[in-house]
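Visitor: Sequence:
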Amino acid sequence: MDTLPLEIHSQIFQLACIDAGSTARSLALVSRYVREVAEPFLYQSLAVAGLSSMTEFLNRLERVPAHLRRVRQLFLSDWTQKQVQQKTIPSDDADMDRYDLEKSIIIRILDLVAPTLESFAFLVSCPFNSTQLIGHLFSLKSSHLRHLSIHGFYPFPHSLNALPHLEHLHLSGNRNPHGLLQTGGLEAACPRLTHLRISGLVSAPSFAQELEDALLPAPHDTTKSCFRASLPSSVRQVAVQLGPAPAKSRRYSSAVAQHEKMTERLMGLSQCADSLPVRYRLMHDNEDVYETMRNSWADGSNDVE
Numbered sequence: 000m001d002t003l004p005l006e007i008h009s010q011i012f013q014l015a016c017i018d019a020g021s022t023a024r025s026l027a028l029v030s031r032y033v034r035e036v037a038e039p040f041l042y043q044s045l046a047v048a049g050l051s052s053m054t055e056f057l058n059r060l061e062r063v064p065a066h067l068r069r070v071r072q073l074f075l076s077d078w079t080q081k082q083v084q085q086k087t088i089p090s091d092d093a094d095m096d097r098y099d100l101e102k103s104i105i106i107r108i109l110d111l112v113a114p115t116l117e118s119f120a121f122l123v124s125c126p127f128n129s130t131q132l133i134g135h136l137f138s139l140k141s142s143h144l145r146h147l148s149i150h151g152f153y154p155f156p157h158s159l160n161a162l163p164h165l166e167h168l169h170l171s172g173n174r175n176p177h178g179l180l181q182t183g184g185l186e187a188a189c190p191r192l193t194h195l196r197i198s199g200l201v202s203a204p205s206f207a208q209e210l211e212d213a214l215l216p217a218p219h220d221t222t223k224s225c226f227r228a229s230l231p232s233s234v235r236q237v238a239v240q241l242g243p244a245p246a247k248s249r250r251y252s253s254a255v256a257q258h259e260k261m262t263e264r265l266m267g268l269s270q271c272a273d274s275l276p277v278r279y280r281l282m283h284d285n286e287d288v289y290e291t292m293r294n295s296w297a298d299g300s301n302d303v304e
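Mapping the sequence shown onto numbering that gives the first Met the number 0, position 222 (from 1) lands on 221, and the numbers just tick up by one.
Among the hints, a few may not be true.
As the list claims (entries may be wrong) - Using C-beta positions, here's what the derived DEER-type ranges look like:
#1 Tyr-251 with Asp-298: 32 to 42 Å
#2 Met-282 with Ser-233: 18 to 28 Å
#3 Arg-278 with Gln-208: 45 to 55 Å
#4 Cys-271 with Pro-64: 37 to 47 Å
#5 Pro-114 with Thr-79: 47 to 57 Å
#6 Ser-233 with Asp-298: 16 to 26 Å
#7 Gly-299 with Ala-65: 21 to 31 Å
#8 Arg-97 with Arg-280: 10 to 20 Å
#9 Asp-110 with Ile-88: 19 to 29 Å
#10 Pro-243 with Pro-163: 18 to 28 Å
#11 Thr-87 with Asn-294: 44 to 54 Å
#12 Thr-79 with Asp-110: 14 to 24 Å
I should point out that these hints are in silico values taken from the structure, not numbers from a laboratory. If you're wondering where the values come from, they're calculated on a predicted model, not measured in any experiment. Glycine residues also receive a C-beta, built at the ideal position from the N, C-alpha and C atoms.
Construct the complete structure from the given sequences, taking the supplied hints into account.
Guide: Below, the structure is given as structure tokens:
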């Protein structure tokens, strides 16, 4: 330690603190010198899930000066993995109060970390909050964000240059995102997007048709309509993942038929993949979204490749 200058120690600590916070916390306990050198990187890479962890994280963020809260890589989930796996949505008065508290904490966290985020996996499992919270994220100017994975009932990004440097985008949680590729909102918000993944599609033949129209435009179509489906011109790869198929029963016969129609159309795109203007990949259902996104964020793939 004594033979290296401070600048080298700083670079070493910066490269080491990319594992959801454990290395940064360990370095802070070594010595006063190591803590001071590593201090700018204590919040560099963090994984936060559940109300208690979010509350503690927000309290820490609000106590440190802006130059020491440079959160670059963040996994943020309103619920813990155990809560997500219970697959129940309690809705009595106490639960609704908790959901409101979760929402207010997450909004404040997003406001504080958005200016420095580079890689972000954001899961909102509470159906009462997901659209508003994801919409709030899309309303912020995240000028450094390059990798973004989202799970929840998301609205479509549309604000001009909201994500000016975003390259990889994974959207999960909207069973039928019909309209995503229309009106040009995606390109307006993400002008540098190169990789797009859309997961959890269920009984969504209208979106499958929209994607087909974007990938296989009619050869003599000169329509200038703003509602014509199209991908951002910068996109090079599109991945689509099916959600769980509806149960086959008389009660859900319509949903089953719609799911089969969607699947057939998406598989048809796979069969002509060599002639498509972008690389196209069709993926099948993965039930544990939390685990998948958490692991992908941790290994740096961000779940889009």
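Visitor: For each hint, tell me whether it holds in the structure or not.
Guide: Status of the hints after comparison with the structure:
For Tyr-251 and Asp-298, the hinted distance range of 32 to 42 Å is satisfied, since their beta carbons lie about 37 Å from each other. Between Met-282 and Ser-233 the Cβ separation comes to about 22 Å, which falls inside the hinted range of 18 to 28 Å. For the hinted restraint 45 to 55 Å between Arg-278 and Gln-208, the CB-CB distance of approximately 21 Å leaves it violated. For the pair Cys-271 and Pro-64, the supplied restraint of 37 to 47 Å is violated, since their beta-carbon distance comes to about 55 Å.
For Pro-114 and Thr-79, the hinted distance range of 47 to 57 Å is not satisfied, since their beta carbons lie about 27 Å from each other. Remark: the range hint 16 to 26 Å for Ser-233 to Asp-298 is upheld by a beta-carbon distance near 25 Å. Hint check: Gly-299 to Ala-65, Cβ distance near 26 Å, so the stated range 21 to 31 Å holds. Under the hint 10 to 20 Å, the C-beta atoms of Arg-97 and Arg-280, about 39 Å apart, miss the expected range.
For the pair Asp-110 and Ile-88, the beta carbons lie near 26 Å from each other, so the given range of 19 to 29 Å is met. Separated by about 35 Å at the C-beta atoms, Pro-243 and Pro-163 break the suggested range of 18 to 28 Å. Remark: the range hint 44 to 54 Å for Thr-87 to Asn-294 is contradicted by a beta-carbon distance near 24 Å. Judged by the Cβ atoms, the range 14 to 24 Å given for Thr-79 and Asp-110 holds: they are separated by roughly 23 Å.
The structure shown violates the earlier hints numbered 3, 4, 5, 8, 10 and 11.
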